[in-house]
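Mapping of the sequence shown onto UniProt numbering: position 11 corresponds to residue 11, and the numbering continues sequentially without gaps.
I should point out that these hints are in silico values taken from the structure, not numbers from a laboratory. Using N, Cα and C, we set each Cβ at its ideal position, and we do this for glycine too. Mixed in with the good hints there might be a few duds.
Pairwise CB distance ranges, derived in the manner of DEER restraints [claimed, not checked]:
1. Arg39 - Pro15: 14 to 22 angstroms
2. Leu12 - Arg39: 18 to 26 angstroms
3. Lys8 - Gln41: 29 to 37 angstroms
4. Leu24 - Gly44: 14 to 22 angstroms
5. Arg39 - Arg10: 18 to 26 angstroms
6. Glu14 - Leu37: 26 to 34 angstroms
7. Glu13 - Ser38: 20 to 28 angstroms
8. Glu13 - Gly44: 36 to 44 angstroms
9. Gln41 - Tyr18: 15 to 23 angstroms
10. Thr43 - Glu13: 13 to 21 angstroms
11. Arg10 - Gly44: 29 to 37 angstroms
12. Pro15 - Ile42: 14 to 22 angstroms
13. Leu19 - Thr43: 19 to 27 angstroms
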Amino acid sequence: MGNQTAIKERNLEEPGRYLDCDGLMFDLTGLGKGSCLSRIQITGHS
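I would like the entire structure built from these sequences, with the hints used as guidance.
Now the structure itself:
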């Protein structure tokens, strides 16, 4: 289970990409603006 929570994402201030250990990425583009991306892997290909 990942360690990224909505509370942690809400408290981020600096734009950038924040990763957890399970393939979930939060891309913060500006204050209050961002998106979540999930990286999946099928039979060794990402």
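Taking the hints in turn, this is what the structure says about them:
Taking 14 to 22 angstroms as the suggested C-beta distance range, the pair Arg39 and Pro15 conforms, at roughly 20 angstroms. Distance hint check for Leu12 and Arg39: the Cβ-Cβ separation is about 19 angstroms, which falls inside the suggested range of 18 to 26 angstroms. Range check, Lys8 to Gln41: Cβ separation about 24 angstroms, and the 29 to 37 angstroms hint is violated. Checked against the given bound of 14 to 22 angstroms, the beta carbons of Leu24 and Gly44, roughly 20 angstroms apart, stay inside it.
One distance hint, 18 to 26 angstroms for the beta-carbon pair Arg39 and Arg10, holds here, with the actual separation near 22 angstroms. In this structure, Glu14 and Leu37 break the distance hint of 26 to 34 angstroms, their C-beta atoms being roughly 18 angstroms apart. For the hinted restraint 20 to 28 angstroms between Glu13 and Ser38, the CB-CB distance of approximately 23 angstroms keeps it satisfied. The supplied range of 36 to 44 angstroms is met by Glu13 and Gly44, whose beta-carbon atoms lie about 37 angstroms from each other.
In this structure the hint that Gln41 and Tyr18 lie 15 to 23 angstroms apart at CB holds, the actual value being about 20 angstroms. Our hint of 13 to 21 angstroms for Thr43 and Glu13 is violated, since their Cβ atoms are close to 39 angstroms apart. In this structure the hint that Arg10 and Gly44 lie 29 to 37 angstroms apart at CB holds, the actual value being about 35 angstroms. A hinted range of 14 to 22 angstroms for the beta carbons of Pro15 and Ile42 is inconsistent with their spacing of about 31 angstroms.
Look at Leu19 against Thr43: about 22 angstroms separates their beta carbons, and that is inside 19 to 27 angstroms.
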